[in-house]
Amino acid sequence: MKLTSVDMLAQRRETLVQRTAALAREVRVCAGTACVAAGAGKLSDAIQREAAAQGLVLAVDGDAADVEATVRLVNTGCQGLCQAGPLVRVLPQDAFYCGVRPKQAARLVSEALQNNAVIADWCAVSPQGQRYATRAEVPFYRHQQPIALEGCGAVAPESLDDYIAHGGFAALVRALEMSPEDIVQTVEDAGLRGRGGGGFSTGRKWRIAASASASERYVICNGDEGDPGAFMDCAIMEGDPFRIIEGMTIAARAIGAQQGFIYVRHEYPKAVARLDKAIVACREAGLLGAGILGAGFDFDVEIARGGGAFVCGESTALMRSIEGLVGEPRANYVRSVQEGLYGQPTVLNNVETFACVPAIIARGAAWFAATGTPGSPGTKAFCLVGKVAHTGLIEVPMGTTLRQVIFDIGGGVLDGRPFKAVQTGGPSGGCLGEAQLDLPVDFDALTAAGSMMGSGGMIVMDDRTCMVDVAHYYLSFLQSESCGRCVPCREGVAQFCHLLDTMRRGTAKPGDLDRAIRLAQDIAQASLCGLGKSAPNPFLSAVTHFRAEFEAHINDRTCSAGVCRDLTVFAIDAQNCTGCGLCAPACPADAIAGAPKQVHVIDAQKCTGCGACRTVCRDDAVRALPRNLPCN
Amino acid sequence: MPRAPELNDIVAKYPPGKPRALLHLLQDIQTAQGYLSREAIGAAAQHLGVTETRAFQIATFYKAFHLTPRGRQTLRICTGTSCHIRGAMVLADEVRKTLGAGPGATTADGAFSIELVNCVGACALAPVLLVDGEMLGNVHPGTVARRLKRAGEAP
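Note that the protein sequences, when read in sequence, are chains A and B.
Heads up, the first sequence is in the numbering used here, so the first residue is 1 and it goes up one at a time.
Heads up, the second sequence is in the numbering used here, so the first residue is 1001 and it goes up one at a time.
Bound conformation, chain B alone:
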């Protein structure tokens, strides 16, 4: 895995022994690598001078962090109130049926990681799915499969 040098580069951007930067550093690592590996958490902890337990505590408390590798694309199902009352949970069930994996999981082929997200601020288009950055609005249960297929094919 050609990841080690990249990890060092990210860590080196932060002054050593500054525990306050822990959350930021972990965020940067995740942005670059998609998730926090055990070695990444260890490296961050060592560099900032905190215990590995402490880094792990942060990595598990904040929902933004993932401890396992991610799918090639992230499918976010908005469950904000507006989406909820316009049927977001029905969509979540359809996604599970269509992809064989539900919220919190990654599909067996590694194509999608599925997440629930609280409001993406596109309530006018509710219910909303997000495939990476692309927003799919007004999605109906019957059209989930088709629209996911189309979004999945997009480069």
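The shape of chain A in the complex, shown without the other chains:
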């Protein structure tokens, strides 16, 4: 049904809210990537089968129209705690269950959905044995404050009705009442800064685009999330696609654009499909296209699929890619906000930034600015990954310290191992050590410490992570992703990568560390685009905080973390080995011998240094030794 006026939208919302209110309970099954891999799809099917068998009528996803239904089942986007999927949340009790199996569906339906019961023995338990009856009590969620991720994990991602019922497009209505200048001013007053990593003021960007004289203007949403270890934008695009469209439409209204593009990474087919559906639904409802909500304002959105090139996350490269050209950056003498797509003023913001916009317009600049730090208001979404106990997607107020994020929310380092470093900002960011753990999450504080906010990957590393290897990893990533246009990046990064590789292999020469640092400085100064300029950051920050480790690789040819395979052999500590037999089948080289309940032995000649045995050992009995020393 086409919504031709603001009143029609309000009526529609009213009807939908009443229908939803008539439902007694709602069960949300997480259908995020990790939960689906853990069997969330089968679980959702099992719940529906079981409900049918028990005579309970379910309204599934956006299908709230079924008046017979008493309970609603929503297959939501990512709910955050990826480590413990499949996740199930039951409202209004706010009960939260982790790792629910399809065979548990019968009990879920009979106890939690038919009745109001909280299934106590399924609830998460603290290390001290305390049961968390509601999700709000679980530490992983307790310290979070979602704004961009507000709808992700709550709404039915493919249902426009459900988005409207949750207050969707109320901000657009508000924006239609405001003058474009007021919208820009509100976003500027809120202090929203680009969530893609740069941290440029969104309001200022909009103002420049709005004031440039041109016949056409464009709005682009950057969904080319390429940082390895970051999937926030993917989660929002899959879990709350209408929110992005609403944010973009408000931006278009503010700057006077009629056409928008969402540039989505090609590895995210589900995000493309969801956005595609959302755009079609919005057009049918009169929320995109000519005369939006009868307000005489035209705007439409098209999807541009990326081609698997990391450099296309860079603004000028991304625009060339949308134009159907090779995605090479151009020198940014003229800002793309003034001369961007097809040479016209273009606002390019990332997914998370657009997801913040509706909340700012609906609740006001002061509300947004009240959260976070003076320099970085609001919240930031992170993917808390790596060697952390609770891997997942989180959103915290700016100013939260890294320690709070990693230990209070993330539950500390995986398997209780010692913390070594945390990497933020992806290939352009840096590694921070234990001494920096009390730094707040804030654009300027992280940059000052030699890292950066980045798009939001936060990778936790333990004592079994080698900083030389990590630096080499980022450099080899950038080497393969360099577009090849400018020499410092194309050739410099390749040489840089080679230098780090020799350190990993034990063939580096004295002086190579200084050589690498000089090269790093050259690349940072001379590269054409931001990717090249920032390429040395992971290395430089690692050297700053972990210099001794680099020196040990070069001078002593040892890797204390036991990661660099050419420098490491593994041996079993007879004192700790219980003969459990886990390591022998895990060894790909058949290098481990031992009878059950007897101490196992690794044949150093056969050991390839892969560390698989150490990963599976539960008794901390596997030791990494320098390869050039004999092991007993």
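Honestly, the hints are just simulated from the structure, not real lab data.
Think of the CB as a built atom: it goes at the ideal place given N, C-alpha and C, for glycine as much as any other residue.
Any given hint could turn out to be false.
[To be verified] Here are some, though not all, of the chain A residues that point toward chain B, as calculated from beta-carbon distances under 8 Å:
| # | residue |
| --- | --- |
| 1 | ALA34 |
| 2 | CYS82 |
| 3 | ASN115 |
| 4 | ILE119 |
| 5 | ARG305 |
| 6 | ALA309 |
| 7 | VAL326 |
| 8 | ALA389 |
| 9 | GLN423 |
| 10 | ILE459 |
| 11 | MET461 |
Starting from the known structure of chain A, arrange chain B on it as the hints suggest.
Frame of chain A, contents of chain B only:
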């Protein structure tokens, strides 16, 4: 090869002489045929009114494109940071040993094409392998062979 008509159908979906659509058209062809043959690149270029060199430039710049036929299944090894620090490269070595073909190659029997991919967003399950759409999480070097065999047998 009954491919020619299919190629024409895909190309015909795009308005002729609109170079901007080049990337999309090539993506659609690859989705349907699994790779970009020389004739497909030529047909796309001709239809959109760009030179074949230009189409070839796009096809070789973007990593999503393949210029040779693909294996029946695609095995992707996630090398996102999380997977890396949990041992993805050790897995890549194991895959090479097990299948006799490494990243960027297709196995001799045409069963698997192997690729490295930057982060699939399943960091909680790291290290991760993807066999077509199926995700194999927490894969250890010692279990690669077994799990690939099982995934390969799946219909």
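Hints and how they fare:
Annotation: ALA34 (chain A) was flagged as interfacial toward chain B, and the flag holds, the nearest CB pair being 5 Å apart, inside 8 Å. The closest approach between the C-beta of CYS82 (chain A) and any C-beta of chain B is roughly 4 Å, which is under the 8 Å cut-off, so the hint is satisfied. Because the closest C-beta pair between ASN115 (chain A) and chain B is about 32 Å apart, greater than 8 Å, the hint is violated. Taken as an interface hint, ILE119 (chain A) does not check out: its beta carbon lies about 23 Å from the nearest beta carbon of chain B, beyond 8 Å.
Because the closest C-beta pair between ARG305 (chain A) and chain B is about 6 Å apart, less than 8 Å, the hint holds. Contact between ALA309 (chain A) and chain B, as hinted, is supported at the beta carbon level, the nearest pair being about 5 Å apart and thus within 8 Å. Given hint, VAL326 (chain A) at the interface with chain B, holds; its Cβ is 5 Å from that chain's nearest Cβ, closer than 8 Å. Proximity of ALA389 (chain A) to chain B is violated relative to the hint, the smallest CB-CB distance being about 11 Å (cut-off 8 Å).
A hinted interface residue such as GLN423 (chain A) counts as satisfied when its beta carbon comes closer than 8 Å to some beta carbon of chain B; here the least separation is about 7 Å, so the hint holds. Evaluation of the ILE459 (chain A) hint against chain B yields a held restraint, the C-beta minimum of about 5 Å falling below 8 Å. With 8 Å as the threshold, the beta carbon of MET461 (chain A) comes within range of chain B, its nearest partner Cβ sitting at about 6 Å, so the hint holds.
In terms of the numbered hints stated before, the structure departs from hints 3, 4 and 8, listed from lowest to highest.
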